[in-house]
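Participant: Residues per chain, in single letters:
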Amino acid sequence: MPTEIPADSVGLVTPQIAQFDEPLTLRSGRVLESYQLVYETYGTLNKDHSNAILICHALSGHHHAAGYHSMDDKKPGWWDSAIGPGKPIDTNHFFVVALNNLGGCHGSTGPTSIDPTTNEPYGPEFPIMAVRDWVTSHARLADRLGINCWHAVVGGSLGGMQALRWSIDYPERLKKCAVIAAAPKLTAQNIAFNEVARQAITSDTEFHQGYYYKHDTLPRKGLALARMLGHITYLSDDSMRDKFGRELKTGKLNFNYEIDFEIESYLRYQGKRFSDMFDANSYLLMTKSLDYFDPASDFDNDLSKCLSRSQCKFMVTSFSTDWRFAPERSKEIVDALVRAQKPVSYLEVDAPQGHDAFLFPIPEYFSFLRNFLNPAELGTTEGAAPHAS
Amino acid sequence: MRHDLKYIANWVSTNDRVLDLGCGDGELLAYLSAEKNTSGYGMEINIDEIIACTERGVDVIHQDLNDSLDYLDDASFDTVMMTQSLQQTRHPEILLNEMVRIGKRAIVTFPNFGHWTTRVYLGLKGMMPMSKTFPFRWYNTPNIHNCTFKDFEILCKEQGIRIIQRTVVNTDLEESWAIKLMPNILGQVALYHIEKQER
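Chains as they are written, first to last, in the UniProt record's numbering: chain A, 1 to 389; chain B, 1 to 199.
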């Protein structure tokens with residue numbers, strides 16, 4: 001709990017809801033007749049609405065990217081390290097919008113929401129979302145907020161894929177695109193990890209083909225297992241060794257199948273915590289969206305051809321120990337952008353944290369991001385006093 | 001401002017698309033962009049230099065020049081430049097060929113190991129030469145492929161690379177009549193404007 005709000009925090013924030021009654025036709029062909037998006041904003045929109053930045057979230061993310069919901073919050077939003085007054089995404093200059101994607105479980109319409117046609121939760125009936133569907137819904141939120149063109153769309157991991165999709169689908173609606181720790185499509189190995197995670201969930205006896213709400217239960221064990229697997233792939237061997245090594249929980253080997261090592265205890269804790277706050281159907285959906293992402297597939301599998309539509313400046317960042325989305329994958333995006341003759345800067349950050357590094361305030365990475373976003377380009381900063389809405 | 005910038009700028013046309021290999025803090029690209037409205041990128045391996053580039057608004061790609069540049073299309077840049085880095089690369093002859101493949105023309109500058117001070121140093125002292133242009137000891141020098149102007153020109157000939165123009169200068173990057181007369185002995189740095197020989 002923060003006894004006082006740090007000076008570089010956006011402070012106390014309140015999520016907002018936008019209701020949309022215009023049907024959204026999805027890539028799958030299915031239609032969401034109406035839906036809602038939950039979002040938060042930080043900073044102030046300037047007079048000509050030119051200082052807005054959209055933050056796209058990763059797999060298990062949501063709208064609460066920075067600040068605190070109450071003085072009882074143990075932790076701030078998931079990307080508080082980067083968003084706030086004086087931080088790389090500087091709320092003294094920028095109006096920051098962070099939302100929860102459709103299909104999520106933190107307020108935006110998703111599997112836990114009530115399907116108006118049945119008056120029951122959608123559950124597994126909720127349509128699988130493609131990254132482009134999310135981007136279309138983001139654009140509608142932008143319309144609602146009066147933002148015709150984003151100063152930047154920024155995202156890490158699955159968020160980076162959304163940022164990339166933004167540059168392809170709405171080239172005239174963003175000036176800059178920051179693609180962090182992402183890939184132009186998943187490798188077979190990555191899809192394999194996602195499939196094991198999904199199998200962990202669907203083979204839980206409490207899963208009930210996804211209709212677990214009806215049975216008044218939750219596939220907690222499966223979801224925890226899925227998260228444990230994911231968690232391992234987000235860290236690096238080095239970071240795990242530094243944090244846990246082979247430290248023993250009780251100081252001795254017990255020769256049973258209870259917890260011996262600290263890392264086991266840590267993974268079980270993370271898995272349990274996650275299963276208390278995340279919906280299994282949402283997890284299945286998000287991993288499928290990741291698997292399906294491959295924008296080049298509509299352009300003869302030529303990423304360069306695909307990105308030739310974009311009109312924005314790009315920043316691509318990768319992290320040396322990220323093996324889930326390795327630097328080589330980011331480099332594929334950079335190579336395609338150079339071949340398409342698009343403006344791009346690329347940095348591989350030397351960081352021990354693995355895929356999770358994109359959430360850490362690593363000085364070189366943050367300088368790179370700050371310079372790329374460059375608030376000086378906005379000219380005057382009138383009406384941009386730090387304030388959280 | 002670096003003195004060599006104005007020489008290089010003479011060989012770059014307005015609106016050219018340029019690639020600067022080993023671009024450092026991006027000074028040359030920023031200069032060319034301001035003076036000649038060029039576009040393009042720098043490539044650099046040093047993180048601090050990369051950050052410095054972005055501070056100037058210069059687009060920069062984190063790349064080791066020893067790694068492949070295969071992904072760049074033939075003649076996709078008007079000019080590919082490399083200042084004072086050729087001697088530090090693992091395969092200078094491959095990189096040189098890549099430069100004239102990717103660029104319609106290329107500009108290379110490097111220090112001359114054939115300068116008289118270097119020759120005298122090795123001749124009299126019997127030690128690896130050190131000078132203003134070669135300030136390193138033999139064991140800690142990043143320059144692993146030193147050459148003289150003569151060596152370089154022989155390499156160009158062998159590789160089918162045409163020298164469009166050459167400017168030879170001293171360490172203060174100034175030209176003089178004496179240097180023009182005996183460049184391989186009196187010149188310390190050369191700037192070469194090159195292209196692939198028509199076959």
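Derived from the structure by calculation, the hints contain no laboratory data. Be careful, since some hints might not be right.
[Claimed, not checked] Label pairs and their calculated CB-CB ranges:
#: 1; chain 1: B; residue 1: Asn37; chain 2: A; residue 2: Gln199; range: 52 to 58 angstroms
#: 2; chain 1: A; residue 1: Thr187; chain 2: B; residue 2: Gly126; range: 53 to 59 angstroms
#: 3; chain 1: B; residue 1: Glu174; chain 2: A; residue 2: Glu328; range: 40 to 46 angstroms
#: 4; chain 1: A; residue 1: Trp323; chain 2: B; residue 2: Leu181; range: 56 to 62 angstroms
[Unchecked claim] Think about it this way: if two alpha-carbon atoms lie no more than 20 angstroms apart in a straight line, the pair counts; the simulated DMTMM-like pairs of lysine to aspartate or glutamate are:
#: 5; chain 1: A; residue 1: Lys305; chain 2: B; residue 2: Asp64
#: 6; chain 1: A; residue 1: Lys185; chain 2: A; residue 2: Glu172
#: 7; chain 1: A; residue 1: Lys175; chain 2: B; residue 2: Glu55
#: 8; chain 1: B; residue 1: Lys132; chain 2: B; residue 2: Glu174
#: 9; chain 1: A; residue 1: Lys331; chain 2: B; residue 2: Asp64
C-beta atoms are modelled at their ideal positions from N, C-alpha and C, and glycine is treated no differently.
Participant: Please test the hint of 53 to 59 angstroms on the beta carbon pair from A:Thr187 and B:Gly126.
Facilitator: This hint holds: roughly 56 angstroms between Cβ atoms.
Participant: When you check the alpha-carbon spacing of A:Lys185 and A:Glu172, does it fall within 20 angstroms?
Facilitator: Violated - the C-alpha atoms of A:Glu172 and A:Lys185 are around 23 angstroms apart, more than 20 angstroms.
Participant: CA of A:Lys175 to CA of B:Glu55, is that 20 angstroms or under?
Facilitator: 18 angstroms, holds
Participant: Taking 56 to 62 angstroms as the stated bounds, is the beta-carbon spacing between A:Trp323 and B:Leu181 within them?
Facilitator: 59 angstroms, holds
Participant: Sort out whether B:Asp64 lies within 20 angstroms of A:Lys331, counting only the CA atoms.
Facilitator: 12 angstroms, holds
Participant: Between A:Lys305 and B:Asp64, does the CA-CA distance stay at or below 20 angstroms?
Facilitator: Not OK: A:Lys305 and B:Asp64 at ~26 angstroms, beyond 20 angstroms, violated.
Participant: Given the proposed pairing of B:Lys132 with B:Glu174, does the C-alpha separation stay at or below 20 angstroms?
Facilitator: 15 angstroms, holds
Participant: Looking only at beta-carbon atoms, does the pair B:Glu174, A:Glu328 fall within the given range of 40 to 46 angstroms?
Facilitator: Given a distance of about 45 angstroms, which is inside 40 to 46 angstroms, the answer is holds.
Participant: Does 52 to 58 angstroms hold as the CB distance between B:Asn37 and A:Gln199, or does it fail?
Facilitator: Given a distance of about 56 angstroms, which is inside 52 to 58 angstroms, the answer is holds.
Against the hints set out earlier in the document, violations occur for numbers 5, 6.
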